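S.K.: Okay, so the sequence shown: first residue is 0 according to numbering that gives the first Met the number 0, each after it adds one.
Among these hints, one or two may not hold up.
[To be verified] Lysine-lysine pairs mimicking DSBU-like chemistry, simulated, CA-CA at most 35 Å apart:
#1 K160 with K175
#2 K80 with K160
#3 K160 with K81
#4 K59 with K160
#5 K59 with K175
#6 K48 with K59
#7 K80 with K62
#8 K62 with K175
#9 K48 with K80
#10 K160 with K48
#11 K48 with K175
Keep in mind the hints are simulated off the structure, nothing from the lab. Predicted model only: the values in this text are computed from it and were never measured.
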Amino acid sequence: MKKGVLLFLFFAGCTRHEVRENQAEYFNLVHFIHQEATRLDSLGIPVHKTVVMNGESEEKTLKIRNWRQELAPFREADINKKAYLGSYRTDTTFSASSFSVHYTALDSSLPTRTLTVHFDSVNPVRVSALIRTSNVLYTLYQQLNYVRDQGYSVQGRQQIKFMEPDSFRIQVDFLKPY
0 MKKGVLLFLF
10 FAGCTRHEVR
20 ENQAEYFNLV
30 HFIHQEATRL
40 DSLGIPVHKT
50 VVMNGESEEK
60 TLKIRNWRQE
70 LAPFREADIN
80 KKAYLGSYRT
90 DTTFSASSFS
100 VHYTALDSSL
110 PTRTLTVHFD
120 SVNPVRVSAL
130 IRTSNVLYTL
140 YQQLNYVRDQ
150 GYSVQGRQQI
160 KFMEPDSFRI
170 QVDFLKPY
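Generate the whole structure from the sequences, applying the supplied hints.
M.R.: Below is the structure:
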């Protein structure tokens, strides 16, 4: 019995384990947004925020206390999920000092229809996404734009069955100069 346990432990210890790095096939939007939220939290910059709902507008100048929560809609545009691997066409466009990577959904049922990431020579500086979420009760379209060191916007339209559609726009401009 003792020998059997020792043999098991020996062979279990000799078993080849493949450890695969958790590499992203697509741009890691969740990581980028997390980094930006952390950076913005540490800067404590004031913003000018405009919210428009069905044509009614409200504006405020304030400091965002929780950037991770504030930028949550951008995490929803993440396409770097195991279930989505191979589900997006990738096109890259180069210019003299920058480049853009554009992802387009190959399947119309995927919520993130497009994701575009603009880079300076190395770093992401702008992210845009078009999201469509739908079920039997509602359809939601969102256009998201984030520009590093400038601000972001979320605009969209929500249609709930048997109700009038709602349109909305959130515009946040960073006020502290960079």
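S.K.: Straight-line Cα separation of K48 and K80 no greater than 35 Å?
M.R.: Between K48 and K80 the Cα gap is close to 31 Å, so the pair holds against 35 Å.
S.K.: What's the verdict on K160 and K48, does the C-alpha distance respect the 35 Å limit or exceed it?
M.R.: holds, 30 Å
S.K.: For the pair supplied as a hint, K62 and K175, confirm whether the alpha-carbon distance does not exceed 35 Å.
M.R.: holds, 11 Å
S.K.: CA of K160 to CA of K175, is that 35 Å or under?
M.R.: violated, 42 Å
S.K.: Does the alpha-carbon distance linking K48 and K59 stay inside the 35 Å limit?
M.R.: holds, 5 Å
S.K.: Is K80 close enough to K62, meaning Cα to Cα at most 35 Å?
M.R.: holds, 32 Å
S.K.: Please work out if K59 and K160 have their alpha carbons no farther apart than 35 Å.
M.R.: holds, 32 Å
S.K.: Straight-line Cα separation of K59 and K175 no greater than 35 Å?
M.R.: Roughly 15 Å between the alpha carbons, so the hint for K59 and K175 holds.
S.K.: For a C-alpha distance cap of 35 Å, please report whether K160 and K81 respect it.
M.R.: holds, 32 Å
S.K.: Sort out whether K160 lies within 35 Å of K80, counting only the CA atoms.
M.R.: Holds, at about 30 Å.
S.K.: For the pair supplied as a hint, K48 and K175, confirm whether the alpha-carbon distance does not exceed 35 Å.
M.R.: holds, 14 Å
Consistency note: the structure conflicts with earlier hint 1 alone.
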